[in-house]
Amino acid sequence: MVIDCPQIAIFVTPSRRDIVRDILSNSPSQYQFHDIADLAALQAGRPSAHCRAIIAEAGSGSTAPLDLIAACVQVAPGLPLIIISEESDPVLAQECLAQGAADFIHFSWLFRLPYALENAIMRYDEQLRNFETEALQRANAALANLSRRKDEFLANVSHELRTPLNNILLAAQMMETGLYGQLAEKQSRAIENIVTSGNHLLNLINDILDLARIESGNVELEMGQVSLHRLAETSRSLLHETAHHKGVQMHVTVDSTIDFVHGDYRRLLQIVVNLLGNAVKFTPAGRDVGLAIQSDEVDRRLLLMVWDEGVGIAPAMLEQLFQPFVRADDDLTRAIEGTGLGLALVSQLVDMHNGSISVESSVGEGTRFTIALPWPDPDCDFSLPPEPDDEQERLLSERFREATVLIVDDNGSNRETMADFCGAGGCTVLTADDGLKALDLVRQYRPDVVVMDVRMPVMNGLDAIRHLRADADPAIANVPVVIYTALAMPGDEQKCLDAGATAYFSKPINLYQMKKRVMRLVGAELLAAG
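Per the numbering used here, residue 1 is the first one in the sequence shown, and the count goes up by one each step.
Please note: incorrect hints may appear among the correct ones.
Only pairs whose alpha carbons sit at most 25 Å apart, straight line, appear in this in silico SDA-like list of lysine to any residue [claimed, not checked]: (1) 437 <-> 497; (2) 437 <-> 458; (3) 515 <-> 234; (4) 246 <-> 362; (5) 246 <-> 284.
Hints were generated in silico from the structure; no laboratory data involved.
If you're wondering where the values come from, they're calculated on a predicted model, not measured in any experiment.
Full structure from sequences and hints, please.
Listed below in structure tokens is the structure:
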């Protein structure tokens, strides 16, 4: 049962109503009188949600003050209760206040009722605010704890997936090089399938981690002047084999009136490859897909358009297409690989570039994604360093053959594969299985570059770097250290760089990219000399 009580519920005998009404005539609160007999109903029910205080007469034949307090505390805990009574016993008044009454007023002091009521409501409102604040703080703490546990889970899952995946892909890459012997045609195809499937799994892991990084605010764009022709050609080359094997024709066009855009080259490439890869994935053999880069001089925008003649997307799916884990849900797409994370990631990266993305689609005819980016700024520096020319490559290779490289990894398979690959380039290779042994080898042999894992027994990679950087010998303190690790969550790269790492690679690594970076570090003086 709910007692209807607009703000203030007043339970008094009929003879008291006029007096109480006159005293409360200037009160801003709405109030409603109830017969004193209705207190029994209050004890059996509860006041309505918008009730903010109760004024009740006690004693002289009505409910005893302490019984009244007990009833109100039971049905409306925390709600202010002001008792008015003919009783003048100060001990009773103190006991009523101790039991939870907001105030105890003798009839001779009834003029105090408006002030007592105002103070009681103010205290009640403050208690409500404090309660809401504490509830919000508890909720925020629970969310923070949930977020922390989610991050820990993702970090552990990422590490546990990347470590064996790194072993698989490293071994497959080594077999592709022919360093372990020439492969028969069927063996080559099997290795190619291993690499393709491994890279697909890696892309899924990276999509999850990239979304986690963006949501936690740990992604910063490396803005610069990006070549649109390079962006287009790199996208084409990355997906050419996939499209060719599927029998899909790829078309790439770049507006000749515009050469550059202001953005993060790696992230823009990620956007285009994700969209173009989806276009190839969802387009049947014999049909076309394309990338068109155009300038919109009227609206001062650059347009990146990825289109296909594929299965299309149902209208009902378009509005939620950029939400994480959402996929076009039909029989065909369920037969195609993917988590539904790619488009959510694309949308986030486009937003970070202050751009917009839109989609048009017809089921059975195809889909067109259009990304609009801000007009290029001609004063920006190019975002990526120039690649070494052929002569520099030759000099780097010669210098690398004279170099000493230290490989540090507690995983014997990784250590052996890395050593074999670097050693094939002619350099001297040293190995260690923990950071402490690595320090001894650096001091003894003065390697040109150290390539080191992070998680190792005895001494981890980050502690080893800190010891190197603190060494009094400049040749030891300044040795380049390339970290490669399965730690790939938001903040992990910066943690490695803050410890003193020269470069960071997350597992599974690409052997060719790793070797290229090591060669550039070994030949840094040659590159600086031009």
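Against the 25 Å threshold, does the CA-CA distance of residue 437 and residue 497 hold or violate the hint? Distance ~22 Å between residue 437 and residue 497 Cα, so the pair holds.
Proposed proximity, residue 458 with residue 437 (alpha carbon, max 25 Å): This hinted pair holds, its Cα atoms lying about 9 Å apart.
Is the hinted pair residue 246 and residue 362 satisfied, with a Cα-Cα distance of at most 25 Å? 22 Å, holds
Check whether the Cα positions of residue 515 and residue 234 lie no farther apart than 25 Å. It holds: about 20 Å lies between the C-alpha atoms, which stays within 25 Å.
With a cut-off of 25 Å on the C-alpha distance, tell me whether residue 246 and residue 284 pass. 8 Å, holds
Checked against the numbered hints above, the structure breaks none of them.
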